[in-house]
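Asks: Protein chains in written order, with this note's numbering: chain A, 1 to 223; chain B, 1001 to 1184; chain C, 2001 to 2302.
Calculated from the structure, these hints are not laboratory results.
Take the hints with a grain of salt, since some may be wrong.
Listed next, the in silico DMTMM-like pairs over lysine to aspartate or glutamate satisfying Cα-Cα at most 20 Å (straight line) [to be verified]:
#1 A:Lys-115 - B:Glu-1111
#2 A:Lys-206 - B:Glu-1111
#3 A:Lys-214 - B:Asp-1133
A partial selection of chain A residues facing chain C, derived with a Cβ cut-off under 8 Å [to be verified]:
#4 Arg-41
#5 Tyr-45
#6 Leu-57
#7 Ala-60
#8 Glu-63
#9 Ser-64
#10 Pro-81
#11 Pro-85
#12 Asp-88
#13 Arg-91
#14 Gly-93
#15 Arg-101
#16 Pro-128
#17 Pro-219
#18 Tyr-221
Just so you know, even glycine gets a beta-carbon here, dropped at the ideal spot from N, CA and C.
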Amino acid sequence: MSETKNNNKFENPHYAKREVTGPDGKQFIVDPIKDYFSDERPKVYEPNSIPVVEKFLNWARAESLWVLGFGTGCGSIEIPPLMTPRFDAFRFGIQSRPTPRQSNVFIISGYLAVKTLKRVIRSYEQMPSPKYVLALGSCTINGGMYFDSYNTINRLDHYIPVDVYVAGCMPRPEALLAAFNRLKELIKEGKGEKANEYAANFDWYKENQKKIIKDWNMPDYNW
Amino acid sequence: MKQVLEKLSASFEIEDIVYQRDDLTFLSAKKENLINLITHLRDIEGFSHFVLLSCVDWIEDDKFQLTYFLNKPEEKYDLGIRCMIDRKEASMDSAHHLWKQIATYQREIKEMFGVDFPGSPGVDEPFILEGWDNIPPMRRDFDTKQYSADTFFPRERPKTNDPKEYMKEQMHPGEWGEYRKEKK
Amino acid sequence: MDFDIKRLGFTLLGLLIVLNWGLLMSSIMRKLGARVAKRYGIRWFQPWLDLVKNYALRSQISHGIMFYLGPVFRIGGGVGLFLFMPMIIGSELWLNYSFHGDLVLLMYFQFFGMLGMALGSGEGGHPYSAIGISRGLSQFTTIEVPMTLAIISLAIQYDTLSLIDIVKAQQGGFQNWTMWTNPVATIAGMFSLLGALSHSPFNLVKAPNEIPIGPPTEYHSTFLGVLQTNAAILHVVEAALFMNLFFGGATNWFEFILKTFFIYFWSVFVGVVFPRFRIEQSVAWFLKIPLVFGVLAIILYM
């Protein structure tokens, strides 16, 4: 084997603990992983104790779905038509948001490379709870046509919890709209609690994630 | 173009010239002469555009084949220069000083095939695979299906049947050939 | 001014009306924009749903004290603008807490929320926030220039800095409106209104598909809810300010709603027609035509 192993290959120099001289000449230690990120574990949030209130809030959550504008695979080409006059997802209360902080729905659109999965996990964990995941295409269910690829995952639900699967390769925008309506039903029934499931089974998810993301150079929980 | 290549073939030990089309030619060069050859083609013969660099794993011959595609914009002429290198000590001279973008191709080939290009900028950095710890995945001795099965929690596939066998057993229990004869 | 529970009650009621009218107006305008694009558009009650959902999100994180104070300053700017804005002329109670010489304070409050957001989103630590806020501040500074010139022109014309006096001087028929008596200042003011309401040609700062959403990149759940509430209030109050300055104010709520609707519609009308400017284009634009009109308005009334 002509394989050469670089020992510090997995370490990101930006995250290394180091001593920095400030503009005023003072020296101080910077540890980005500790300074910039919180390592607090996710919490399980109890629903509102008054059923009527919770029902009302669930209705509001279901009718106002803000989608994270993050296309992971080929399926992301199906998302822009949703906003065009032909499909017009706005009439269902669906809007796209550019930042994970403001979005509630994460569409995993198609195959997911390991490199992308790392970004997906970061974005997913930054979304405020309650959050929902739509898995689009066969690739997220069992790998689809990339089932034997060295670089794409096979089952999404081992890494992040999935609310609704949309089968197909590729699903049409109509299928995506149907999935949104199914998601709305689930939320209104009070079943959109996958974020709590993620928090409850946090260790299992982390173990699976770390099994395939070998250069884990970020905090365990990305707030 | 033929005269040019024949003129060059002596000085650069070019072999196997294949005139594939009017505007496409393949030729083979030795590893030692290759950088000189493409430098000459770029500077003297006007092949100023670098198209792509690809790699093929000839596992049976214990060789890697590197193919450099050059293009001459004035004549719209493509030239594919093949070069066989040893698979055991897979290493090749870097050509990033000729075209900057070759560094990216070389980085990808280093990651996917394990062919080393010493001196190429960033050749050791991960290109697509972050934190890859197995043999390079595009080598043919890498069992990608097995790797996927070991790593990515494969979902159990539903049981499927071969349509011909299934019909033979379920719908026509007798000999398949006899059934065809009866029908005639 | 003595404490008056009745006045306070009416002011809070006015705030509620203005908030709901702002939300309804934003949904109507988004629907109009959608119809121009031949879409059905959002449902009319969508802004309320978004608001409830954002307030009801369960998890939220903070990046520090200023991160909290950013939205508070912002809504402080919006509500402050409302508090000192006479809503209905002729009624003692709907004048809110406006006093003589409040125009300077109103101008300050327009900028106040922006500065608060600058501090708050700066603490968010996201580079996009910093880029967004520097764009926003530079654009808003240039918006303020023609607006200030127009208001100074009005102050010279009516010889007062009191908004109530300016409105009262315009009563008695539409021919008394500033729109007719000082058209040059009106043009400068209406151009700067386009920027102040941040609709399409000048919405680069907060457009979701530009550098992700600009200053509020890190703001979520309740923080974002506060910002949305403020946006609804601010849009109506900005329109009300221009109504009072140029279009004769309102003597009843129906007139108020009609006039603010059309003033807001002016920016939407321009927004659906013209594509988005880059920041240097919009800065240059405000420093050209509106500035010329503003200077002209000053010169004419010197």
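Asks: Are the hints correct? Go through all of them and say.
Replies: Each hint tested on the structure:
{"no.": "1", "hint": "A:Lys-115 - B:Glu-1111", "in the structure": "holds, 14 Å"}
{"no.": "2", "hint": "A:Lys-206 - B:Glu-1111", "in the structure": "violated, 27 Å"}
{"no.": "3", "hint": "A:Lys-214 - B:Asp-1133", "in the structure": "holds, 8 Å"}
{"no.": "4", "hint": "Arg-41", "in the structure": "violated, 12 Å"}
{"no.": "5", "hint": "Tyr-45", "in the structure": "holds, 4 Å"}
{"no.": "6", "hint": "Leu-57", "in the structure": "holds, 4 Å"}
{"no.": "7", "hint": "Ala-60", "in the structure": "holds, 4 Å"}
{"no.": "8", "hint": "Glu-63", "in the structure": "holds, 5 Å"}
{"no.": "9", "hint": "Ser-64", "in the structure": "holds, 4 Å"}
{"no.": "10", "hint": "Pro-81", "in the structure": "violated, 12 Å"}
{"no.": "11", "hint": "Pro-85", "in the structure": "holds, 4 Å"}
{"no.": "12", "hint": "Asp-88", "in the structure": "holds, 5 Å"}
{"no.": "13", "hint": "Arg-91", "in the structure": "holds, 5 Å"}
{"no.": "14", "hint": "Gly-93", "in the structure": "holds, 6 Å"}
{"no.": "15", "hint": "Arg-101", "in the structure": "holds, 4 Å"}
{"no.": "16", "hint": "Pro-128", "in the structure": "holds, 5 Å"}
{"no.": "17", "hint": "Pro-219", "in the structure": "violated, 13 Å"}
{"no.": "18", "hint": "Tyr-221", "in the structure": "violated, 11 Å"}
The structure fails hints 2, 4, 10, 17 and 18 (numbered hints given earlier, in ascending order).
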